[in-house]
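Engineer: Make the full structure from the sequences, and use the hints.
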Amino acid sequence: MADVRRKRATARRAVAVGELHAGSAFDDIVAKRLPKGDAIAMAEIAGLQGAKNASQLMPLCHPLPLEYLELRCEPVAGRQAIRVYCEAATCARTGVEMEALAGVNAALLTLYDLTKPVQPALAIGGVRLLFKEGGKKGLWLHPDGMSEAEREHYRPRATPRLEGVSAAVVTLSDRACRGDYQDISGPLLVERLRALGADVGPAEVRADEAEPLAARLRELAAAGIRLVLCTGGTGLGPRDVTPETLAQVAERRVPGLAEMFRSESSQHTPLAWLSRAEAVLLGGTLVIALPGSAKAVAQGMDILAPILAHALAMAAGEGHA
Numbered sequence: 001m002a003d004v005r006r007k008r009a010t011a012r013r014a015v016a017v018g019e020l021h022a023g024s025a026f027d028d029i030v031a032k033r034l035p036k037g038d039a040i041a042m043a044e045i046a047g048l049q050g051a052k053n054a055s056q057l058m059p060l061c062h063p064l065p066l067e068y069l070e071l072r073c074e075p076v077a078g079r080q081a082i083r084v085y086c087e088a089a090t091c092a093r094t095g096v097e098m099e100a101l102a103g104v105n106a107a108l109l110t111l112y113d114l115t116k117p118v119q120p121a122l123a124i125g126g127v128r129l130l131f132k133e134g135g136k137k138g139l140w141l142h143p144d145g146m147s148e149a150e151r152e153h154y155r156p157r158a159t160p161r162l163e164g165v166s167a168a169v170v171t172l173s174d175r176a177c178r179g180d181y182q183d184i185s186g187p188l189l190v191e192r193l194r195a196l197g198a199d200v201g202p203a204e205v206r207a208d209e210a211e212p213l214a215a216r217l218r219e220l221a222a223a224g225i226r227l228v229l230c231t232g233g234t235g236l237g238p239r240d241v242t243p244e245t246l247a248q249v250a251e252r253r254v255p256g257l258a259e260m261f262r263s264e265s266s267q268h269t270p271l272a273w274l275s276r277a278e279a280v281l282l283g284g285t286l287v288i289a290l291p292g293s294a295k296a297v298a299q300g301m302d303i304l305a306p307i308l309a310h311a312l313a314m315a316a317g318e319g320h321a
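For the sequence shown, position 245 (counting from the first letter as 1) is numbered 245 according to the UniProt record's numbering, and the numbering increases by one without interruption.
Hint data in this document are derived by calculation from the structure and do not stem from the laboratory. Worth double-checking, as some hints may not be accurate.
Okay, derived cross-link-like pairs now, DSSO-like style, lysine-lysine, Cα gap no bigger than 27 Å in a straight line [said to hold, decoys possible]:
| hint | residue 1 | residue 2 |
| --- | --- | --- |
| 1 | Lys7 | Lys52 |
| 2 | Lys7 | Lys295 |
| 3 | Lys137 | Lys52 |
| 4 | Lys116 | Lys32 |
| 5 | Lys7 | Lys137 |
| 6 | Lys52 | Lys36 |
| 7 | Lys136 | Lys7 |
| 8 | Lys116 | Lys36 |
| 9 | Lys137 | Lys295 |
| 10 | Lys116 | Lys52 |
| 11 | Lys36 | Lys137 |
| 12 | Lys295 | Lys136 |
Structural biologist: As structure tokens, this is what we get:
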């Protein structure tokens, strides 16, 4: 099986769909007139069993402790079809797509089995994933889309956007400032912020000097920048002074963000506990200091992105809703 030991456990959700085209047996299914009784109720039970046993059916599928399952069979009179949905959810290091698909297939096969005595000309089709959530890629929607009713029922959740939020990125590195190597982490943060809709310019590269950084942070806050992400200077080296600089300019600390970063990052590597990542408020500006490595920065954005919009709204006095 794929090695997921260094992946971070996140909330995962997937919804799959498929249809049984029942033809002349459609009315008998809906009216529960089949010889073996209520095929829809039995299919929903079978779908739950199928989802829970996905790893027994597919040898390289990780066994997952599912936390939620829902099976729905919706009659579609216009196509004489039964449309089957399976929603699966858990918190894990890998997704629940196969569980959702296994649930749909088990339900469809059960419908087929219970209907074939009265109509052998049945067809199963349209089995696909509607969407999945969780992991570092976040929300994925099938290119074929979803109906408004499906969107209303399942409400796929994307990472909250930072549309129009003014942001800045500051890289702290003596070597990058001297030109010894090219900064990678700063541009990566810029890319991730822009992908969320933030208004951010190129990353600034500065030496590991406390006073110039403090002055720059005050300038950015005075200019109305709402979010500043720093990368570098959070280690244990003698020149790593970013946390002390943030403490110098801070009006209020936001310790939970740094604690969450270390705790979640420790699922990737125990060395995360050595990070001195920090988060503070300077007026209405949220300043977060992340490690200097590109890998840690990418993981940090995966961890922080889902709550950044809410944190900025709170800092702006927009409430806790």
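Engineer: A separate judgement is required for each hint: does it hold in the structure or not?
Structural biologist: Checked hints:
1. Lys7 with Lys52: The given pair, whose Cα atoms are some 22 Å apart, holds under the 27 Å limit.
2. Lys7 with Lys295: Holds: Lys7 and Lys295 sit about 13 Å apart, inside 27 Å.
3. Lys137 with Lys52: 24 Å, holds
4. Lys116 with Lys32: 14 Å, holds
5. Lys7 with Lys137: 12 Å, holds
6. Lys52 with Lys36: 24 Å, holds
7. Lys136 with Lys7: 9 Å, holds
8. Lys116 with Lys36: 11 Å, holds
9. Lys137 with Lys295: Answer holds: Lys137 to Lys295 is near 15 Å, not above 27 Å.
10. Lys116 with Lys52: 26 Å, holds
11. Lys36 with Lys137: Violated - the C-alpha atoms of Lys137 and Lys36 are around 44 Å apart, more than 27 Å.
12. Lys295 with Lys136: Holds, because 12 Å separates the two Cα atoms, which is no more than 27 Å.
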